[in-house]
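A.B. asks: Chain by chain, the residues:
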Amino acid sequence: MNHLELLEHTDTVNELLARYGVKFGIYKNNTFKEQLFPFDAIPRIIEADEYAYLEKGLKQRVLALNMFLKDIYSKKQIVKDGVIPKDFIFASSGYMAECEGVVPPKDIYSHISGIDLVKGKDNVWYILEDNLRVPSGASYPMIARELCRRSSPGTFTDLKIEDNRNYAKLLKRTFDNVNTGGLNVILTPGRYNAAYFEHSFLAEQTGAQLVNGSELTVKDDMLYFVTADGKYEKVGAVYRRISDEYLDPMNFNPESLIGIPHIYDVFKKGNVALLNAPGNGVADDKGIYYFVPKMIKYYLGEEPVLSNAPTYLPFYEDDMKYVLDNFDNLVLKDVAEAGGYGVVFGNKMTAQQKEDFIALLKAEPRRFIAQEVIDFQDLDILEDGKPVPRKADLRAFVLMADEPLVWKSGLTRFSRNPDSFIVNSSQGGGFKDTWVLSQ
Amino acid sequence: MKKLHFTYEMQIDYSSQVNSCNFTIKCIPADTLRQKIDNIKINMYPETDYQWGKDGFKNLQIWGKEDKPHKSFRFRIEGDAQTGLSEFEECEDTDLSMVFSCPHGLNKAGETIRNFFDKKINNIDACTYDKVIAVTKLLFEAFKYQSGSTNVNTTAEEAFSQGCGVCQDYSHILIALLHLLGITARYVTGFIIGEGESHAWVEFLDDGKWYGIDPTNNTPVNDDYIKIGHGRDARDCTINRGIMQGGGLHTQTVSVNVREA
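As given, the protein sequences belong to chains A and B, one line each in that order. By our numbering, the letter at position 152 of the first sequence is numbered 152, and the numbering carries on one by one without gaps. By our numbering, the letter at position 111 of the second sequence is numbered 111, and the numbering carries on one by one without gaps.
Bear in mind the hints are in silico, worked out from the structure with no lab data behind them. Computed from a predicted structure; not experimentally measured. Backbone N, C-alpha and C fix where the C-beta goes; we use that ideal spot for every residue, glycine too. Please note that the accuracy of each hint is not assured.
Chain A regions said to be covered by chain B (calculated; three or more residues, Cβ under 8 Å) [claimed, not checked]:
| hint | region |
| --- | --- |
| 1 | 153-161 |
| 2 | 213-224 |
| 3 | 255-267 |
The following block holds chain A by itself, in its conformation from the complex:
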């Protein structure tokens, strides 16, 4: 390994990250929790040809998901053709009737997609989850790389590593592709949001204006940025880092104080682009996940390059039987939850818990999916200076500009708990840089 020198700098890098405010914040049950997002200096290294394979599969998947979203909010052909049962669409909390018949600029719904993968002990990569709403995390490996380059420049001259600092360029290209004329802005819920670091960092890197809701206003049927001295500048594209519900109190949750009244009406008229488009929740629901390989075949006529983890839908009778027969070997997920919540392992339940869960499963079969527990590969992390193996996943970022672009890096998250498979940062995990080798 040529990066031993880097490991000695772990503490320095973490101190710098803390100073830059690289934290991770989450809302759960209306309370806000903020925690440091510990960095581990041992990178995940992916060979060039392996990454080329991932890239092919990721592009294919995100193309199909975008086609699915367009179809659902217009013709719904995939439902009419019986590929996906209608209950999985229209009863999903991610389906938004407000988006019916609305066509986003250039038909792009998911401009920035965060696709979570794991590599099994069988050396096969599996898709765990698609995040098509407001996936975060790209800034962590960007800033970590920058700090590592500073603390250990030699490492990066010796190794042929794809420079991941081009993410800003990719993001700008994505912005410009759909901009309807005017400024690019990044809409943040504000400086007290713990992802504020990422918002300001990406704004600075892409040359976009960082704004909060009160700085944007709708006049007639256009969106404007109101400058400090009261001037109105037309906005052409908004990379919004607030969720659909809070985006526009006149169209979505009326209680929202951070949104911009009527912004969605401007979007509907085609006078501004929203990245990502509202309504994407219908495509990254855990129930819909099951159908993504079918979508790829349906829309693209191709075999999926990347596999899902083997998944069962108790909604189907055969699958329900399988789930009940193999309960102890499966992980069960509540389709409405995210961030590692609502995930339970069959073999970790007490008899009573199991009984209660099965009763719930039978009453609301659509609410759950069941998956084989993938024994995924460990990556070494440093603990008290010694390498120890921990479970880790990879969030790959796919940007949809004039063509799909896969960022040659990604956020590798790991579990600090040796017995845990849950790597989500909201569950106290840490992160690594992801090095994609260029040859």
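Mind docking chain B on chain A? Use the hints.
C.D. replies: Then chain B, alone, in the frame of chain A:
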């Protein structure tokens, strides 16, 4: 067939000054196979510019921002309607009818509605149209009209459990029951001849046609009805939505007048 003249007026009075407000108003009847609308006049006080748009279900709406300070906001729409031009509305957009076949929001059935369904409705043997007539009659007999007994957020299940409600609740419960029968049904807002407030009823899909049925009055929709719009439940059909800066406490008065022209 009837020729009707309708007036819808809404006034909001504030206890203190409103500096600006955003509004979206969804109470503009549109042409359908059943009705033809003419001579629409919209007045707003304070006077303000507005934009036209459509919601996800293609209902007409106007929206805008009032930034003149005001202590009351008044909106008035009037027009002429020829009604009863057809028994049904053509299901032109088969795409969206799918949306109305799934339980959603306020129209979801719970245990009480399911029990009622199992006991009284599940075994009705008739064609779709007659089934709906029969279900509506059973609901009409089992549920009492009582104004003020529910609010805008009351679910079908909550209303049915307490045994009384208003037109919104009748409609939600009927939609829940029809969904259990596998019949596609949607919530409709509109006006009914006479004076009072806006009204709600249900449309169901039968052989590519939407028929209207009014569970509150236990009758098929006829030429006394002017439709404003439709959605999955009452929340989809909120007539007036607004956000204001300032204003304090507010009181809202709505008056609807529909008479033969």
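A.B. asks: Taking the numbered hints from earlier one at a time, note which ones the structure violates and give those numbers from smallest to largest.
C.D. replies: Checked against the structure, the only hint that fails is number 1, while the rest are satisfied.
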